[in-house]
Amino acid sequence: MIAFIVRRVFASIGVMIAVGLIAFAMFRYVGDPVNQMVGVETSVAERAQLREELGLNDPAIVQALRFLANAARFDFGVSYQFRQPVADLIAKRMPATLELAFVASILSLVAGIPMGVYAALHRNSALSRLFQALSLIGISLPTFLTGILLIMLFSVTLGWLPSFGRGEVVRLGPWWTTGFLTASGLKSLIMPATTLALFQMTLIMRLVRAEMVEVLRADYIRFARARGLSETAIHFRHALMNTLVPVITIVGLQLGSIVAFSIITETVFAWPGMGQLFLQSIQNVDIPIMAAYLLFIAFMFVVINLVVDILYVSVDPRLRASLHGMRG
Amino acid sequence: MSAALLSVRDLRVEFATRRGPLIALDGVSFDIAPGEVLGVVGESGAGKTLTGLAIIGLLDPPGRIAGGEIRLDGERIDKLPPARMRALRGRRIGMIFQDPLTSLNPLLRVGDQLTETILAHMSLTRRQARERVIAWLGEVGIPSPAKRIDGYPHEFSGGMRQRVVIALALCAEPALIIADEPTTALDVSVQAQIIAVLKKVTRLHGAAVMLITHDMGVIAEMADRVAVMYAGRIVEIGAIGDVARRPLHPYAMGLMAAIPTLEARAGRLAQIPGVMPRLSAIPRGCAFNPRCPRVFDRCEAERPPLIAVGDRGAACWLYEARPAPAAPTAEKCR
Amino acid sequence: MSRADVDLAKSGPAPPSLIARLRDNDLVASFLSSKTTVAAGLVALILVVAGLAVPLIATTDPFDPAANFLMDSLTPPRFVAGGDPRFLLGTDDQGRDLWSAILYGLRISLMIGALSVLLGGAIGVALGLIAGYAGGWIDSVIMRIADVQLTFPAILIALLLDGVAHALLQKSNHEETAFLVLVVAIGLSFWVQYARTVRGSTLVEKNRDYVQAARLIGLSPARIVVRHILPNVMGPVLVIATINLAIAIITEATLSFLGVGLPPTEPSLGTLIRIGQNFLFSGEWWIVAFPSLALATLVLSVNLLGDWLRDALNPRLK
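These protein sequence lines map, in sequence, to chains A, B and C. The first sequence begins at 1 in my numbering and counts up by one. The second sequence begins at 1001 in my numbering and counts up by one. The third sequence begins at 2001 in my numbering and counts up by one.
In isolation and in its complexed conformation, chain A is listed as follows:
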């Protein structure tokens, strides 16, 4: 088991390095860093000097390694557009995105799994068909459209909820700001979190339903029935357990994409998070931010994948056994 974890960690590091190199390639070779940083009046001599200072004349490998080393210390250079260290810019906006992603993830799980289970157990009931219809709409509506519809309903027409911004935030510690502790903060969180969660929620619901329907047709379920076990035991012990195991992996991976989808939600609701920063950097070709965001996302996904892999192996006894077999 330990060997498995170690191997996966090494693989993850490998992926990070690969992404890091891609980020470096973007950073160095897309556009000219020097020209992006200086004004039009700067003389050629000054540019050459700057190039030298920045180490842009060193061999590519040296530059790549320097980049990776800096990245490992969270030094991502300076933004072309804002003229501030990228790490600071990202850190300032991280709490907004993370809080949003967290609430959306919880929401999608808490709503999605029970709906999926219900839809699987009562396949032909009216409520289940409603869920099916809603889920179809949920995956058909692009995230931004959901956001806009919610705004149209709750902000424009009803005037209940704010349509942009984070509301009042409270500073916790050196760099974290939270919107959980104020009424306006919480109100501002509702629509963006729902928007972000909707797609995931419907995905989870469909997945759980499909998986559970499959599981309910398995032989061991039939045998359990033949042994006279109660429907409750069959559905909520045997079937649910076997449903959730493969669902865990997929759900885990999906949750990672919530952070990616936050880009859209943050744009719709003018939420001051990392996603918005990233989008601006794409529009303004601000490479340092793009590269840093890429690395951050990669890191997050890699960590999530690692956790999910380990979780999966520890939950399914068959996989645990095959691991032990491989070691021996």
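Hints in this document: simulated from the structure, not taken from any laboratory. A virtual CB, placed ideally from N, CA and C, is assigned to each residue, including glycine. Among the hints, a few may not be true.
To be verified - Quick partial rundown of chain A residues pointing at chain B, CB under 10 Å, derived from the structure:
1) Tyr220
2) Arg222
3) Ser230
4) Asn242
5) Val245
6) Ala321
Said to hold, decoys possible - If you want the footprint, here are the derived chain A segments under chain C, 3+ residues with CB under 8 Å:
7) 135-146
8) 250-263
We have chain A; now place chains B and C onto it with these hints.
Positioned in the frame of chain A, the structure of chains B and C alone reads:
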């Protein structure tokens, strides 16, 4: 004559399809006495498994019981409400399926699955149930039961798994076990062991067995009587020795002749020409008539009921004693 | 088992006519059996035809700056007070007729969706076949790349590719190349799914007897792969393609909404919605509402059709 434990009369099972109902079982009748082993043989698709599923009430839609009656210890069970049927399963009727690997929940320990079943039917403490489980594992021949009780299904070999399955089906002490192809998924070397275990355990606990298989060897090893099924009907029923050595129905004759034996001269394997008809295209009259070497006019016109021949039964006009045969003679078959 | 025991035979003794065969065909029957599926099919058909026939039914060309008058801008739809009979659904801030803009937008969405799915599918199937059949280090390399790419959601990949492409091309070319960049970016974000599935199927088929036989005869690998293995792995590919079409359309709309897709001079539905969001609070709701409706309907019907196709092609549900 002791009262039958299981009594099936004229059982009809249908499947609703786009083009109308498809009759899968057409008037199946037989009895099983307490403690008796009835073998049910036939080709794939003859309706053996369906009969078992109908008895235990696990027919999946679009299949349904469309007629006839099933009685357990005299009371009807084919029309019971779901909750009462559930109370029967495991406690009075048990069923074993073909593939032991997929019959066990891969994520639960074997001991837990057994304990759960025992506790579902008997009020015992956990500790008492656990002791029973260990005892059962020992009975079905699992070595070191106290250790293996905490194992997962994939940690057992195929034969061991099927023993666990047998223990699971019997741990609530049902009076009837329906065993659907219990050895088919196992290695040949293991099959004999499993049949031995099944025989021993059912005898010990006085359980009757409906042994469904296409393997005559298994029947010969374990059954007291045998019913031969063809195209959703029983074509012959009787004591195993009689049916095996002197089959009455031409299909049964073909079946017995097709079994290669070590002593027989090397030559072509005897086959029954043709194939069993599809359910949507069952011939008029006797279902076997297109393939029967002894066919005559009446076979194509009228369907023969199960005709008594001594204490056996054969659904064949060859054995008609009177011009208008009496009503189904399942009782007389005993 | 009960399934083995029951053989649901398909046809009686006499060979049926074409109509009867069509009626009997499981695919057709399952299509017709669900009213929603039929409705979705009709809607999709209408939308596709509308998209293709755009030049005929659009009342104006929304891309021709000369045809738009800023004076007409922000006109409400015809059926609302203040509306203009010329503009069925009103106009946007450039004075563009929304009805025409939506039709063109539908067409663009469909085209980008279809093309990117084809592109991603072609690359993915090809790489999957190669990886599965050749094995060895080729397989490892392709799968490594796939794994790295799979750690990210498709939309992020598309976003990144789009951004990099625009950075590499000069800003001035942005509008002309937007279409192409979108197709490539979205297409490239999809190939991995196809590659993985096809590789898996190829590995299975590779060991089948008919492939061994073909090799024995001496057929070239290319021939074996294309003529023998490819048809047998297409089933799941179709399923993925149907899912991806909806996702491609959504992705394009999202990228345009975010401002990195199609520009306002050549608007897709997403761009129109982006423009419209600015006018939500000032009361010009139609700029958002109608393109949103069109987009939602398009994706919904594509999804419904995809669902039906998936269920119909799934042998296990029969």
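Worksheet item: Looking back at the numbered hints, which does the structure fail to meet, lowest number first?
Response: Of the numbered hints given earlier, the structure breaks none, since each of them holds.
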